[in-house]
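2 protein chains.
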Amino acid sequence: VTRTGEILRKTAVAMDPRESFEGIVEPVVQSLRGLLQEEGGGPPVLATIGIGTPGFIDKKDGCLIGGCENIPSLQRRSVAHHIARAFGVPAFAENDATSAAAGELAFGAGRRYANFVLITLGTAIGGGLVMDGKVYRGWRGFAGEIGHLCISSDGLWCNCGSRGCFEQYASGKAIARIYAEKLGKRGLCPAGELTPKLVAERAREGDACARDTMEDAGRWIAQAFGSILNILDLEACIVGGGVSEAGETLLEPIRRHLPDHCWPQICSGVAVVAAELRNDAGILGAAAQAFERLGA
Amino acid sequence: VTRTGEILRKTAVAMDPRESFEGIVEPVVQSLRGLLQEEGGGPPVLATIGIGTPGFIDKKDGCLIGGCENIPSLQRRSVAHHIARAFGVPAFAENDATSAAAGELAFGAGRRYANFVLITLGTAIGGGLVMDGKVYRGWRGFAGEIGHLCISSDGLWCNCGSRGCFEQYASGKAIARIYAEKLGKRGLCPAGELTPKLVAERAREGDACARDTMEDAGRWIAQAFGSILNILDLEACIVGGGVSEAGETLLEPIRRHLPDHCWPQICSGVAVVAAELRNDAGILGAAAQAFERLGA
Chain A
1 VTRTGEILRK TAVAMDPRES FEGIVEPVVQ SLRGLLQEEG GGPPVLATIG
51 IGTPGFIDKK DGCLIGGCEN IPSLQRRSVA HHIARAFGVP AFAENDATSA
101 AAGELAFGAG RRYANFVLIT LGTAIGGGLV MDGKVYRGWR GFAGEIGHLC
151 ISSDGLWCNC GSRGCFEQYA SGKAIARIYA EKLGKRGLCP AGELTPKLVA
201 ERAREGDACA RDTMEDAGRW IAQAFGSILN ILDLEACIVG GGVSEAGETL
251 LEPIRRHLPD HCWPQICSGV AVVAAELRND AGILGAAAQA FERLGA
Chain B
1 VTRTGEILRK TAVAMDPRES FEGIVEPVVQ SLRGLLQEEG GGPPVLATIG
51 IGTPGFIDKK DGCLIGGCEN IPSLQRRSVA HHIARAFGVP AFAENDATSA
101 AAGELAFGAG RRYANFVLIT LGTAIGGGLV MDGKVYRGWR GFAGEIGHLC
151 ISSDGLWCNC GSRGCFEQYA SGKAIARIYA EKLGKRGLCP AGELTPKLVA
201 ERAREGDACA RDTMEDAGRW IAQAFGSILN ILDLEACIVG GGVSEAGETL
251 LEPIRRHLPD HCWPQICSGV AVVAAELRND AGILGAAAQA FERLGA
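Note that the protein sequences, when read in sequence, are chains A and B. Per this note's numbering, residue 1 is the first one in the first sequence, and the count goes up by one each step. Per this note's numbering, residue 1 is the first one in the second sequence, and the count goes up by one each step.
All the pointers check out, no bait thrown in.
Because identical chains cannot be distinguished in the list, a pair is counted as satisfied if it fits within a single copy or across any two copies.
In silico DSSO-like pairs for lysine-lysine, Cα to Cα no more than 27 Å straight-line:
{"hint": "1", "residue 1": "Lys10", "residue 2": "Lys197"}
{"hint": "2", "residue 1": "Lys60", "residue 2": "Lys134"}
{"hint": "3", "residue 1": "Lys185", "residue 2": "Lys197"}
{"hint": "4", "residue 1": "Lys134", "residue 2": "Lys59"}
{"hint": "5", "residue 1": "Lys173", "residue 2": "Lys197"}
{"hint": "6", "residue 1": "Lys10", "residue 2": "Lys59"}
{"hint": "7", "residue 1": "Lys182", "residue 2": "Lys197"}
{"hint": "8", "residue 1": "Lys185", "residue 2": "Lys173"}
These are computed hints drawn from the structure, not numbers from a lab.
Between the sequences and the hints, there should be enough to build the whole structure, so can you do that?
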């Protein structure tokens with residue numbers, strides 16, 4: 001990625017979550033060496049390396065200390081430290097949803113706002129906050145767990161150990177589940193696997209159950225945004241992740257329900273918009289944050 | 001108030017909320033003139049005036065634009081502007097709960113933390129946020145409406161027009177109501193007026209209904225703190241306002257329930273403590289903020 005946000009090359013590496021730390025990180029190092037060679041000719045001009053990963057990254061030492069228990073070998077290790085050593089340049093790690101917010105701020109829908117919340121509706125719900133033009137990380141670097149805002153005190157149990165978490169109501173996984181339930185109640189048999197993407201597509205095409213599902217999700221998202229706005233007084237709410245491909249089918253109910261969950265003075269003038277960078281948000285944000293920290 | 005946080009003189013002025021703007025602000029001006037004269041002798045050395053008021057203060061122009069509809073004449077007017085002109089020194093207005101957070105940061109329980117949330121449990125619930133050592137105001141200055149975090153999606157209706165607001169479950173008013181309900185259910189007739197202070201006192205003395213009420217409030221407060229910590233990753237949760245005089249009777253259940261509502265990594269090491277400045281928090285905070293803005 002260049003300083004102006006152009007992605008020169010990208011690649012994906014399959015990962016077995018049961019692998020050792022080296023078994024996970026070394027293939028990443030090798031693939032990056034490959035990309036640098038392709039970029040080629042003269043000596044590679046690599047200023048810094050930005051890294052987005054799931055979980056809680058301690059901003060003090062870059063160690064991952066939980067929140068992605070499905071990859072046990074990453075626990076209490078610093079991917080940034082290992083990769084920095086391999087390439088002899090500074091490397092910086094960040095939670096992937098925080099990276100996505102940094103990406104939208106630098107090069108996407110966030111360019112127009114100095115204060116916004118981004119939610120990424122994927123399998124889970126991630127989030128990132130930008131306040132006074134800067135990515136907000138929190139005391140230790142763990143901020144932005146918006147999927148774990150409690151939106152229903154006696155609600156569904158969540159992986160995090162709490163109940164009623166936002167993630168259980170509006171993540172991609174939740175949307176697929178709620179759509180399947182709605183189909184089932186109406187005696188309609190779902191054919192094949194129901195992905196959130198499929199629900200979004202069907203909603204856009206006018207499928208009644210899919211639209212209802214998006215309406216429900218929109219109401220929960222509006223409630224979460226309303227609470228966050230009441231606390232933080234932001235200019236914009238940005239919706240990203242795979243589910244956001246539903247576009248207006250999802251954004252319209254969010255905007256419609258928002259005033260039910262927020263002080264009129266606070267939600268007045270607040271934009272509810274789709275993220276712009278899709279899957280590249282994390283890449284661009286990790287790069288932007290690394291460039292920024294390098295300069296700091 | 002001196003720069004080091006000593007309150008030299010204070011006074012209170014009764015106010016009729018139906019008065020005109022001048023009818024409300026002039027008695028304040030007169031009482032301040034009186035205090036300055038008492039301080040006396042030589043020319044009064046007044047550097048700046050800090051003001052805390054209920055409602056939403058636009059940080060751009062200091063105008064109050066809602067959130068205290070019970071005092072209609074303040075709407076869209078700037079108390080700061082009027083008072084600054086009367087004394088020929090800069091004056092700065094701030095939401096009163098934000099002022100209280102500034103006070104605890106400068107001179108109270110917040111001195112030990114650079115990142116905290118303060119809730120003030122009075123008739124209503126106010127709140128203030130400190131992040132990276134600074135009072136957080138939000139895009140327009142309306143941040144900190146923590147009483148209007150939705151904690152129960154189908155919950156009680158609130159004055160703000162939303163439902164399930166935190167304020168309906170743990171404010172002083174809510175605590176008095178819940179205590180009266182508990183007494184009623186158990187066939188116990190409440191004698192006299194039930195103030196939140198009385199409930200707090202009785203809880204400390206061991207009254208079973210009062211302790212239950214504090215237990216319920218503690219659970220709701222823990223839920224609100226848990227959601228806020230998941231979003232903002234703070235070091236401390238500070239409990240102020242009249243209800244906080246219940247002390248450990250309230251703080252203990254909050255601490256006990258907090259892990260049920262927050263990621264273990266995020267609530268680990270977080271302090272839950274009582275505010276220290278009581279009713280002076282707003283005075284000291286308004287002064288601290290005015291001194292800071294004067295210097296900025």
